[in-house]
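**Q** Each chain, written out:
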Amino acid sequence: MLPGLTHDSTNAIMFSEIFRFEIKYRLRKLDTWLFFLFFFLAITIGFALSPPAGIRNVFVNSPAIVADIFTGCTTVMMLVSGVIMSGSLYRDIEFNVYESYLTLPVSRNGYFWGRFLGSFLFVVIIGSSLIWGALAGPFIGVRLGWLGPDMVAPFHWVNYLQPFFCYVVPNLFVTSAIFFGLVAYVRNTRVIYAGAIVLFFGYGFAQHILQDIPNKTWVYLIDPFAFNSVRLKVSFFSPEQHKSSLVRLEGWLLVNRVIWSAVGLLILFGTWLRFSFTRFFSGREKRQKDTVEAKVQRITSESIPAASANFDHGYWLPVVVSLTRTELTNILRDNYFRIILLAGICGMVLSFWSLGPIAYGVLDAPRTTRFLGNYDHNFFYLHFLIILFFTGEALHREKATRFAAINDSLPPTDRMLYGSKLLALLMLPLLLSLLPMLVGVGVQLAKGYPHFHLSLYLSYCLGILLPKCLELLMFVFAVHVLINNKFAGHAVALLVWWLLWLGNNGAVMNYNLLLYSFTPSYAFSEMGGIIPVTKPLFWFAMYWLFCGGLLLLMGSLLYPRGVMASFGERLRLARQRFGIRAKLAGAVLLIGFLATGAYNYYEVSYQGTYLTGGENIRRAAMYERQLKQHAGDPLPSIVNYQLYTDIFPAERRTATRADFTIVNRTMTPIHTILLDGDELADYSLRCNGKEMPVTYTLIFPRAAFSPFKSTADTSMYRVYTFPRPLAPGDTALLELRSTKELAGFANKWAPFDILGNGTVFGGGLPDLGYDENDELRDPQLRARFGLPKRRENLPPRTDAGGIRRMLLTNVTGLASFEAIISTSADQVAVAPGRLERAWVDNGRNYYHYVLDSPKNYFYFPVISARYKVLRDSVTLPDGKKVGIDIYHHPEHEANLKRFSDGCKDGLRYYSGAFGDYPFKEVRLLETVTGWQNSFPTGMTFGENNGWTTWFTAPDQFDFCYFNTAFQLAKQWWAFQVAGNYTLGSQEIPEGLARYGALMVYEKKMGKDKVRDFLRDEMKYYLDRHNAAFGNENPLIDSKNDFVSDTKAGLILYGLQDFMGEDSLNAALKRFLDGYAYRDHPPYAGSGDLLRYIRKMVPDSLQYYLDDAWGRITLYDNKVISATASAIGGGKYKVHLRVSVGKRYCDSSGREMAANQVNDYVDIGIFGTGSRDKEGRTQTNELYLKRYRLTAGEHELDITVKGDPVSAGVDPYGKLIDRQPDDNTINCSLR
Amino acid sequence: MQLVINSLSKTYPNGVRALKNVSFVCHKGMFGLLGPNGAGKSTLMRTIATLQDADQGTISLDGLDVLKEKTALRRLLGYLPQEFGVYPRTTAEEMLDHIARLKGVNDAAKRRDLVATLLEHVNLTRDKKKRLGGFSGGMKQRFGIAQALIGEPKLIIVDEPTAGLDPAERNRFYNLLSRIGENTIVILSTHIVEDVSTLCSQFAIICDGEVMYLGEPDAAVMELTGKIYTKLIGRESLARYKQQHRVLSTHLKSGVLYIRIFSETAPGDGFIPGQASLEDVYFKAIGEQVDVAGINS
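Protein sequences, first through last, are from chains R and W.
The first sequence begins at 1283 in this note's numbering and counts up one residue at a time.
The second sequence begins at 518 in this note's numbering and counts up one residue at a time.
Derived by calculation from the structure, the hints in this document are not laboratory data.
These numbers were taken from a predicted model, which means no experiment stands behind them.
Built from N, CA and C at the ideal position, the CB exists for glycine as well.
Treat each hint with caution, since some may be false.
[Said to hold, decoys possible] For each label pair, taking beta carbons as the anchor points, the in silico distance ranges come out as:
#1 R:Gly-1861 / W:Glu-600: 44 to 54 angstroms
#2 W:Asn-554 / R:Phe-1559: 49 to 59 angstroms
#3 W:Leu-731 / R:Arg-1684: 39 to 49 angstroms
#4 W:Arg-687 / R:Phe-1559: 27 to 37 angstroms
#5 W:Thr-642 / R:Leu-1720: 37 to 47 angstroms
#6 R:Met-1836 / W:Glu-600: 37 to 47 angstroms
#7 W:Arg-687 / R:Arg-1684: 37 to 47 angstroms
#8 W:Arg-687 / R:Leu-1708: 39 to 49 angstroms
[As the list claims (entries may be wrong)] Within a straight-line C-alpha distance of at most 30 angstroms, the following computed DSS-like cross-link-like pairs (lysine-lysine) qualify:
#9 W:Lys-770 / R:Lys-1681
#10 R:Lys-1681 / W:Lys-744
#11 R:Lys-1817 / R:Lys-1768
#12 R:Lys-1768 / W:Lys-744
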């Protein structure tokens, strides 16, 4: 009889008995508590450690964040509900107690509901670990000083209970009902594994799609976990709400909860209706019983044919083959293997197929590098799970099927049994490693993209993925042999893996030599292949493979065969097995492991230096303490710079000699200069031909992981003393020699500047002077090291020192530049200036560039790569011809015309509007890293930025063209006018360039296209504005990119519309003329720019300047209704009700309505659109007029000719509006 | 050819002493191993089959140290465990072929021939392409028998082999086993006394890990002939009879109780002489360890 069951036949009693039994059972089970502990710790640590980066003024445990984290966690807890709910029914089948249930008077209802509710209660209890974790985390965080006390919200139970009951419990209910139903239906727990993995991936993939759904109602509804729904709702929160408001169940969010709870209930009741004991316990169909088989009595004297056994040398090979084949058959015929693999492949195909656009909603070509990057990031853990799961299955197969009793008494030796298991499982890593290539090439072929880089696929799949998968297999194999219990083995392997992963991803101690299977980091590049370096990857792979070999050897010694009574018995057996061959193998592996380990250690911590998180922080503190005294040192100006540099891409090495003519333009003599050669291998400096005495001012204590280095780690910060102080007005000649090369292996990322193909570097110069950016930023860390409060941003606009410095570089003034660069024979080297001469010498390419008239600000990068060059040119209206050279990766030819058009139109517009382009050439270069950048006479675009984008529709935003125009504009706004080193001056290079690009774009594509783009820009600005929680300055003092770039573009574009393009351009030209090529302070700030603009703006529009520059202003304009009635003659009278509002935000993110509003606002009415000859949609403007409107509602009657379709207030989005979407609505016809 | 088991002992970590100083010798032919559940039979058989180590003692097969040279013994062994399973996703034919390979039958043609004959012998020819996961208990048992016979084993160990077989199959299997036993040592573990008496030339009775009796079935019965008496008694008086006599077994039928007792001399008291059987030998042997004559157990 079963414990805890009595013979009462009433439902109520049976239910309570079963319910109680279930609870007792769960309380005794270890996994219940492990799950609880796991989530509790994860949440506690999560809350204690990581304040949401970059968000101020918000509590780390505000109700909105709690709701977000809780819903996110339930997607993982799905797996827990799977394990618990499936166990609740399946264990009766597993332990064969079902016959008792069939004969006992247990009621169906009592059994079903007792089991469900009993188990579900525990799922909820495990779910409650989230509450306790969310309570404990912030508390511990504050106690340990990881969180400031002001970062934690005041305690209210409702902040935790509301998200728990509104989100966690319903989510767990749905998944519990699904898994309970699944097991009741299919009577098998492995379907749970498969189901959970499919659901998990399905959900991950759906998330991907959800982000692209324009109709947000669907996002609210279709997410079973309400994770995205909550995020969406929170995204509309005001800063105040972010801080303290619960994410209430209302509107579509409530509907979501109702729908999904109902789905759970439906599944549960459906299961209940179908549930029957006999079906559940006996299976769907009766297995054929062998009682009715025909018995034919055969003559038994018929002899068994002689087949004598032969165990000579020919025995082992076919036997190992047969054992391996049998094991493979077992794996491959497993339906779950097929399902999981298929699900994985489908996930990969889908994810590669739908890899979203990189920028501006335009799809990118299905490039190998992008796919591999995505794959490496998202699918590797699937590999681990598959390897873990099926290794467990394979190793425990004999025990689980009870074939062990026969198998273990068969003649093959232990080594053969063990080895053939291993051989069969080796197929998994091989298969899994080739998968990305098969899927990737398949998708690329299907999409008609011919550039699949087989060599890149192969080097990743076989060089990186295969060793990693092998290492994982070896690890998992050894763990399973050692633990010798399937579930415990899975748990231990997962836990160890998780800890390793945490170690690698944390910043505290991520030393890869101690984290099994981890290697230095890598990325994929079209131009550069696997970057930055592959050599460490090989040596780390060897190191870990040797380690894995040792694990396997240990496994082979402990491999259980027969009945093992105790671990002691296994140890005894292991000692017996540790014979000469095992010892020999062990010695070879150990030597290999130690030798590769020693080599890697030598490279990482002797040649290179690994610093722990703590050491990095301490060094930053030391840097500031000891070198801050140099922050105010006078710096010499460079007036002439001659660079001789040799680039050796294959060796990752450069050698530089540079001659500088310097002059002291300050009022004080210069005795010393501080140089930072952190990115150089070595450097030396001579002054007027004499070696300059050097002081090593900053000597770090030896790194903890480098005990064999000298105790004092001489940093590359040096103070050079002038033989004779450089008096004001004095000139000197400095000669620098420097080399750059890789210093051993980096633990994570090696530097990206010198690559095999795609070098971009500063010429090999040390940095000049004290750099505030190297200081510790975290206020709490600063307090711990006794450092004073730090100014977080640039100095204020009026700061005298700031005005004397330039934003771009701390070398003030103009310099003439000349460079002779050599590179390998297959590469082209580029530097700013005109190409004076190019020649070949000694098998290397040499280039001589000169940039002397005009002189330029000190920003002269050097680039070298295997380029193909497209040469084009443009003749400007004044007859000047400018050459346009596009240096690109040979495969990337699709969008070259867009880039060159951008150059041509930009040169025409800017030289007309702002003044001459000072050079005879523009170079546009593709680079491996970076997004986009520019330098005198050129600009760079990263390989992800447009080169391979697939433009398919004429309405798509041509960001190649736009970005080119944008970067080109910096030839005026960054390299002619130098912004100063104060708040807001970032607006000059970025904002003015953006304005210029918008105007170029408008001329080419029309106002409609600019409007579409501006709408996206405005949404981007609003998103960032919302996320900043008041950590935003008005434009004139802007410190954020989204203000000085995006918002400035919006405001300047709006301003030209109000005051006239010519008038604004005239103001800008005057500003440029006032500051261009200024060789001495003061340099231009945003106040100066505004001053020039203000002069040209009429009084009636001055309020716009105040709102735009002086405040953070948000309009809240919308059309309430638009009704049109025909009045004959094809004319309509349109009655409009519009509402106008304007709000100002203060520095804490609070909004206040503006007191007096009487602003210019456009009102427009539009007919049916059309398409132009290039297929672009065109707006049919029936009416557009500028009004001056006060705040509040306005009713307008407008007569138009033609059918009105839509009407809008500020329809072109020139004013920054809180809700840009409600500015236009469709007209209803009466 | 002989298998010598010499003072074999085994104690499990939980303190259960599964084997206590077990010694006996098996020759060519069938050797029966009788004993109640939990007597240590399976432990003994697993130990002989190299699946388990003993704490003390030795086993040798024609001078081969079984406990040390496991691989050598495995090459001579045919083993049918009491409880075993199969790979559910392979077919009977594939699996037998596989095992034949492992047992050193390298020649493909011979192996094919062997597998076909074995399948025929155990009446699985029709099901040879079926996956083993779909096999019933009886079919699986017959598969187990087939695999134990592969490779001309010199030592065959079969643990409760007829479980799940119907009488005809059982008969057929025993005939097969007897024939094989002419040239090999067959150790048959069973709790069916009759099987031992009809098949085995030698047998041992094991109880609580100890050998209680060792000998030949006929001789064992002869020893008891004339010393077995039976009587019909009331249920309530069993306790009294148990005090006075060596009660071997009881048999309750339609409310009345037959008892069998062992006595060197005629006990009188209404007892009549009974025909001695191997069952009496068994009950007499294990009766010293367990109460076999109770009616409530």
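**Q** Run the distance test for R:Lys-1681 versus W:Lys-744: straight-line Cα separation, threshold 30 angstroms.
**A** violated (49 angstroms)
**Q** Starting from the hint 37 to 47 angstroms, judge whether the C-beta atoms of W:Arg-687 and R:Arg-1684 obey it.
**A** violated (22 angstroms)
**Q** Range hint 39 to 49 angstroms: satisfied by the CB atoms of W:Leu-731 and R:Arg-1684?
**A** violated (32 angstroms)
**Q** Assuming the hint says 27 to 37 angstroms, is it satisfied by the Cβ distance from W:Arg-687 to R:Phe-1559 or not?
**A** Because 34 angstroms falls inside the window, the suggested range holds.
**Q** Mind checking the hinted window 37 to 47 angstroms against the Cβ distance between W:Thr-642 and R:Leu-1720?
**A** holds (42 angstroms)
**Q** Take a quick look at whether R:Lys-1768 and W:Lys-744 sit within 30 angstroms of each other, Cα to Cα.
**A** violated (56 angstroms)
**Q** CB of W:Arg-687 to CB of R:Leu-1708, is that within 39 to 49 angstroms?
**A** holds (45 angstroms)
**Q** For a C-alpha distance cap of 30 angstroms, please report whether R:Lys-1817 and R:Lys-1768 respect it.
**A** violated (38 angstroms)
**Q** The hint says 49 to 59 angstroms between W:Asn-554 and R:Phe-1559; measuring C-beta to C-beta, is that right?
**A** violated (30 angstroms)
**Q** Please test the hint of 37 to 47 angstroms on the beta carbon pair from R:Met-1836 and W:Glu-600.
**A** violated (31 angstroms)
**Q** Looking only at beta-carbon atoms, does the pair R:Gly-1861, W:Glu-600 fall within the given range of 44 to 54 angstroms?
**A** violated (33 angstroms)
**Q** Given the hinted pair W:Lys-770 and R:Lys-1681, is their Cα-Cα distance within 30 angstroms?
**A** Violated - the C-alpha atoms of R:Lys-1681 and W:Lys-770 are around 44 angstroms apart, more than 30 angstroms.
In this structure, the earlier hints numbered 1, 2, 3, 6, 7, 9, 10, 11 and 12 are contradicted, and the remaining ones agree with it.
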